[in-house]
Structures are given as C-alpha cells and as structure tokens.
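With the hints as your guide, set chains B and F onto chain Z.
Residue numbers (the numbering used here), protein chains in the order written: chain Z, 1 to 118; chain B, 1 to 109; chain F, 1 to 111.
By construction, these hints were calculated from the structure, which means they are not laboratory data. Watch out, some of these pointers could steer you wrong.
As the list claims (entries may be wrong) - From the structure, some residues in chain Z lie toward chain F, with a derived Cβ separation under 8 Å:
| hint | residue |
| --- | --- |
| 1 | S50 |
| 2 | D64 |
| 3 | G66 |
| 4 | G72 |
| 5 | V75 |
| 6 | G77 |
Unchecked claim - Derived lysine-lysine pairs resembling BS3-like cross-links, with alpha carbons at most 27 Å apart:
| hint | chain 1 | residue 1 | chain 2 | residue 2 |
| --- | --- | --- | --- | --- |
| 7 | Z | K63 | F | K27 |
| 8 | Z | K29 | F | K69 |
| 9 | Z | K63 | F | K100 |
| 10 | Z | K2 | Z | K29 |
The C-beta atom is built at its ideal place from N, Cα and C for all residues, glycine as well.
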Amino acid sequence: MKILTDLIGMPGVICAGEYSYRGDRFTYKGQMDDEQAKQASIMCRATTMSVYMQTDMLGAFCKDSGWAPNRGWVVKGPQFTVCVIANIFCFINEAQGSLNRILEHMQQELSDVTNELV
Amino acid sequence: MIKRVLALDGVLAICHFRDDGSFVEGYGMMPEDQMAGLAHFAHDYKRIVQGNTDQLSMFTGINGWTPPSGWVVHGQTHVVCSVGNIVCLLDEQASLSEVIQEMHEVSSW
Amino acid sequence: MPDLNQLMALPGALASFEFTDKGELIKSNFTEGGGLDETALDLLSHVCVANTAIATMQARGWENMTGNKGFYPVEGFSMIGLDWTTVTHGQFGVVMENDKADIEAAYSALA
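If we strip away everything but chain Z, and leave its shape as in the complex, we get (with noise of 0.2 Å):
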C-alpha cells in the first residue's frame, strides 16, 4: 500500500500499518514483529470503534459539530506517538518526527476513505 510505504520514509515513523475494519487482517511496515503488529493492529482498532461511536454522540448532542464524522486519533506518550487516520496506524519516535507533518501527510492521502465499514 502507497501510504505505508510513504510513512515509513519519513522522519520518525517506526512502523506503519493498515488493519481491517472487521478485525481479521493486516498488514504493515517498520520495525514490529508480526505479533507486535497484530496487537497493535489489534488496540488500534478498538480504540477506533470508541472513539467514532463517542463522536456520533457529541455529534447528536451538538448540532453542526465539526467532530463527526471521526477522522483519527492521536495519543502522546513520553518518547513515543501512536496516530490513526482511518485504519491506518503510524508509530512514530517523537524526536526524530513531525506529528504535524505525518498527520498533514495522512490526512491528504485518506481524505476519499469513508467510515462506512465501521
């Protein structure tokens, strides 16, 4: 997938994966093992389902919101970002990296992806 392999020659990212919206298949690429890759295929995508069923419900209680529909997400740790745009994933080394720059990047690239498999 192009989108992979572009994330993966940028700055920072350390693996880059996609995953399925149903949970039965992914793919990746970077430095993670194939179980390392499925569990954080796995994570990814529960936090996914949360977070757009929780922006329907802003959506519902707050009209004209600009939240839904959800696009992604992003969780900062101390040394390490983990972003999702749709169901791609990108971990990223936040001293090496642009957040800014991966997200632009990502957000350009899946702007056609829709939620409807969700």
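Below, chains B and F alone, put in the same frame as chain Z:
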C-alpha cells in the same frame, strides 16, 4: 419473546438489536425512537467491550474474559445491562441477578 | 498550568477548557458562533478522560508485553474530526479548526 423479561420487577424497557446494530424490536415505557437509540448504543458498547476484553486477554495471557457475554453500567438510580443482542433499562427495584439470568435464557433462543 | 486565554491564541482555536479527573467541565472559553457550548465541552471532556484511561491501559499493556518503554504515562489524547481537532493533556484541552490546527503547538501549550 423478549417481552417476558419486562414482567420482572424494575425492568423499564427491553430491546433487541441485530449484529449490524439495527433495531429489531423493543418493549417498555420508552418512545420507539429512544428504544432504537438504546439498541444503537448497546450495539456500539458491545463492540467496545469486546475490543477491551480482547486487549485484556492479549496483555495478560488469560482468556477467561473473552468472548464477553455482556456488560452492565450502573448509574445512581438506573442500570443498563446487555447480554448477547438484548439490552435492558432497569430502575432500582430490579434484581440485577434475576434480570441477567432471564436475559441469558432469552438471548440463547 | 496552562492558561485558558493563552490556549485561545493557538491557531484556529475554537475553545479551551479545564475539567476534573472524572471529566466534569470546570472552566471554558469558546468563540461566539463557533458552534460550541458548555454542554458539548462537558461531554467532550468525559470522552477525553475515557480515552486517556483506555490509552493508559494500552500503554501499560504494550510496554509490559513488548518491553518497549516510552508510551507510559500517556501525555495527551487527541481526536480528529471532520472539521475540528481536539487536543487534551492532563485536565486541559483545546478545540481547533482542522485547516489551521497545529497539534504540536497545542501539545506544547498544554504541557
């Protein structure tokens, strides 16, 4: 048949939803649109609980949590509980154990 | 401690808010006509607290399982919506318009 759960004390509403989240039927003291909303919430929440129990099993290596049979959210005066594809809204007069046991039976039909 | 007025100076900021560790809204600032109010920000705060708790569980589990440190403790959670991005850290958050949002600057301002 899910109507029989409504006969238990404290059960205010019961709804049945499909695996895709669509509303099948609902009974009780709630307008139909609210029941459909409850069913929609229960479906979403079921998937979240499934996701979290999968992760708990993954991180601990213990499988007793998966697959989850259901969930309960306990508020100050009301309880929402779900087993399989059935969700109930209860008030404080309900016996949670009795309701869940009945929901287990009904959901296995 | 972040200042809610200074957070409003971030590019595209629509709202800044402070919440309890349970997610109840304490204080907020929002732009007039931006589509946000205290009810929405209170719900948003609950969403962010819930997701930070889940992410903390994941970070803990991931570090234990892989031995890779640097994910725990979680220092921020962001949600990217169709038009708005929310960034939270600790008990403070900011909502920004996507086309102007600088997420790195928001994390720095919230730290």
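### Query
Of the hints stated earlier, which fail here?
none
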